[in-house]
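Chemist: Here is how the chains run, residue by residue.
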Amino acid sequence: MELLQQLHRGDSRSIGRAISLVEDQDPAAARILAGLDQTRIEQSLVVGITGPPGVGKSTLTAGLIRHLRDQNQRVGIVAIDPSSPVSGGAILGDRIRMMAHALDREVVVRSMATRGRLGGLCASAGAAVRIMAASGCQTVIIETVGVGQTEMDIIRLADMTVMVLAPGFGDDVQAMKAGILEVADLLVINKADQPGADKLALDLGAVFTDTADRDLRLLRTVASEDRGLDMVLDRIMLMAKQFRQDNTLQKRRQHSFALETMDWAMEMLRPKISGLIAPGGKTDPRLAAQEIVKKLGQESSQ
Amino acid sequence: MAQQYRVLIGKPGLDGHDRGAKFIARALRDAGFEVVYTGIRRTAEEIAASAVQEDVAAVGLSSMSGGHVRLFPAVIEALRNAGAGDIPVLGGGIIPDEDIEPLKQAGIEAIFTPGTPIETIIEAFRSACRKHHSHRS
Ligand SMILES: Nc1nc2c(ncn2[C@@H]2O[C@H](COP(=O)(O)OP(=O)(O)OP(=O)(O)O)[C@@H](O)[C@H]2O)c(=O)[nH]1
Ligand SMILES: [Mg+2]
Numbered sequence: 001m002e003l004l005q006q007l008h009r010g011d012s013r014s015i016g017r018a019i020s021l022v023e024d025q026d027p028a029a030a031r032i033l034a035g036l037d038q039t040r041i042e043q044s045l046v047v048g049i050t051g052p053p054g055v056g057k058s059t060l061t062a063g064l065i066r067h068l069r070d071q072n073q074r075v076g077i078v079a080i081d082p083s084s085p086v087s088g089g090a091i092l093g094d095r096i097r098m099m100a101h102a103l104d105r106e107v108v109v110r111s112m113a114t115r116g117r118l119g120g121l122c123a124s125a126g127a128a129v130r131i132m133a134a135s136g137c138q139t140v141i142i143e144t145v146g147v148g149q150t151e152m153d154i155i156r157l158a159d160m161t162v163m164v165l166a167p168g169f170g171d172d173v174q175a176m177k178a179g180i181l182e183v184a185d186l187l188v189i190n191k192a193d194q195p196g197a198d199k200l201a202l203d204l205g206a207v208f209t210d211t212a213d214r215d216l217r218l219l220r221t222v223a224s225e226d227r228g229l230d231m232v233l234d235r236i237m238l239m240a241k242q243f244r245q246d247n248t249l250q251k252r253r254q255h256s257f258a259l260e261t262m263d264w265a266m267e268m269l270r271p272k273i274s275g276l277i278a279p280g281g282k283t284d285p286r287l288a289a290q291e292i293v294k295k296l297g298q299e300s301s302q
Numbered sequence: 001m002a003q004q005y006r007v008l009i010g011k012p013g014l015d016g017h018d019r020g021a022k023f024i025a026r027a028l029r030d031a032g033f034e035v036v037y038t039g040i041r042r043t044a045e046e047i048a049a050s051a052v053q054e055d056v057a058a059v060g061l062s063s064m065s066g067g068h069v070r071l072f073p074a075v076i077e078a079l080r081n082a083g084a085g086d087i088p089v090l091g092g093g094i095i096p097d098e099d100i101e102p103l104k105q106a107g108i109e110a111i112f113t114p115g116t117p118i119e120t121i122i123e124a125f126r127s128a129c130r131k132h133h134s135h136r137s
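Protein chains in written order, with this note's numbering: chain A, 1 to 302; chain B, 1 to 137.
If you are wondering where the hints come from, they were derived from the structure by calculation, not from laboratory data. We put the CB at the ideal spot given by N, CA and C, even for glycine. There may be inaccurate statements among the hints.
Which residues of chain B face chain A? A few of them, derived with a C-beta cut under 8 Å, are [what the hints assert, rightly or not]: (1) Gln4; (2) Arg26; (3) Asp30; (4) Glu45; (5) Glu46; (6) Ala49; (7) Arg80; (8) Asn81; (9) Gly83; (10) Gly85; (11) Ile118; (12) Ile122; (13) Ala124; (14) Cys129.
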């Protein structure tokens, strides 16, 4: 398949098209995904960058791209924004901050909408990441907005998660402080040039029980002035090395494989299930669901 | 599921007014499109490279300061150079009547002026996307 060959040579058009075919659940997607270079995928590093709206995730990502390019890495970015639940449309604006790299062929950027998938996990995002990795991207960054469960599901596609916060976004921080260290490997206080950064650092520092751990995992940046980004990248690479050594990375990939498989299976079952729902049924929905699952089981054993 | 269309809205040239571009972007989103927005002051090459990476089905350009005669065809040219001459380009903004025909001759799919109803604009994008998707390999 020509598309597959071109994709592995790093051709922009083919990479873009391959992602669309998966995203639109085109029949050709299966062959593309089956033919991806697994060695490149295994060797790539997938970094999730998340945080509340407007804290500077895209600016930070653009800065990291610059530093990764200095190290001669090919970089992929999957930037995810929510679809409007009303219209199904979306405005995908993260690319604006990354336009400095628009003409660099070794920087692949793809904006994606969540397309309102139930369960939250954006399965096509995982496929986009692997397509980029197969095209030779050594590092792939997933940017996603938010601090809720849905966004964290998307971030579970990553080998490592960077949570970006900024002064003035304190309400979000208070609400999530309890579980923050379970989901974030690194905490970045961006906009450290703004008032309130010290207080935020103090607040977040209190989450750690170990000061050495805190000093490793809590960082400050001014992304718009490229301050502190070299440190963030150093820590990312340090952790990546550690995660490979202690098997964390393999475990996380197995976990995200299970998550994504579940998401795709649900996605594929949905039209079947909706065809089996009798309109205006008089029984309880839970009982109706049981009947449907039974029917599906019979169908598949025939 | 209805086909989901992806489009790119860009603003080539040096003027900094993106109200028109943002208005169109929002209207398209509200009509169900996924809109990649690239912001102001882009070169034709940057817009073309982005359109290729994003694999959009159409590119919409906005111009308010009279650069359209040169800038719109430059984007078409840049798309061709990027191997993506099949992506339709639509343009809007403050465009005098006498420029419309030459722009269409140059390959711009549709031209919108401040008087064009938004429904017409959305329908033009929809039909350009539909056409592009039907040729997609
Ligand atoms: N003062 C200051 N402003 C910053 C810094 N980093 C980013 N900004 C500004 O913050 C605004 C938002 O930046 P983005 O990078 O778009 O933020 P984001 O988190 O990606 O936003 P969404 O994707 O919309 O959630 C922009 O105006 C940036 O220029 C910083 O370190 N200091
Ligand atoms: Mg962003």
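Chemist: Next, verify each hint and record whether it holds.
Modeler: Comparing the hints with the structure gives:
1. Gln4: Status holds, d = 7 Å.
2. Arg26: Cβ of arginine 26 of chain B sits 7 Å from chain A, so the hint holds.
3. Asp30: holds (5 Å)
4. Glu45: Hint on glutamate 45 of chain B: holds, closest Cβ of chain A at ~6 Å, below 8 Å.
5. Glu46: holds (4 Å)
6. Ala49: It holds, given that the least Cβ distance between alanine 49 of chain B and chain A is near 5 Å, below 8 Å.
7. Arg80: Where the cut-off is 8 Å and the nearest Cβ of chain A is about 12 Å from arginine 80 of chain B, the hint is violated.
8. Asn81: violated (12 Å)
9. Gly83: holds (6 Å)
10. Gly85: For glycine 85 of chain B, the interface hint is violated, since the closest Cβ of chain A sits about 11 Å away, which is over 8 Å.
11. Ile118: Violated, because the Cβ-Cβ distance from isoleucine 118 of chain B to chain A comes to roughly 14 Å (cut-off 8 Å).
12. Ile122: Hint on isoleucine 122 of chain B: violated, closest Cβ of chain A at ~11 Å, above 8 Å.
13. Ala124: Because about 16 Å separates alanine 124 of chain B from the closest Cβ in chain A, which is outside the 8 Å limit, the hint is violated.
14. Cys129: violated (12 Å)
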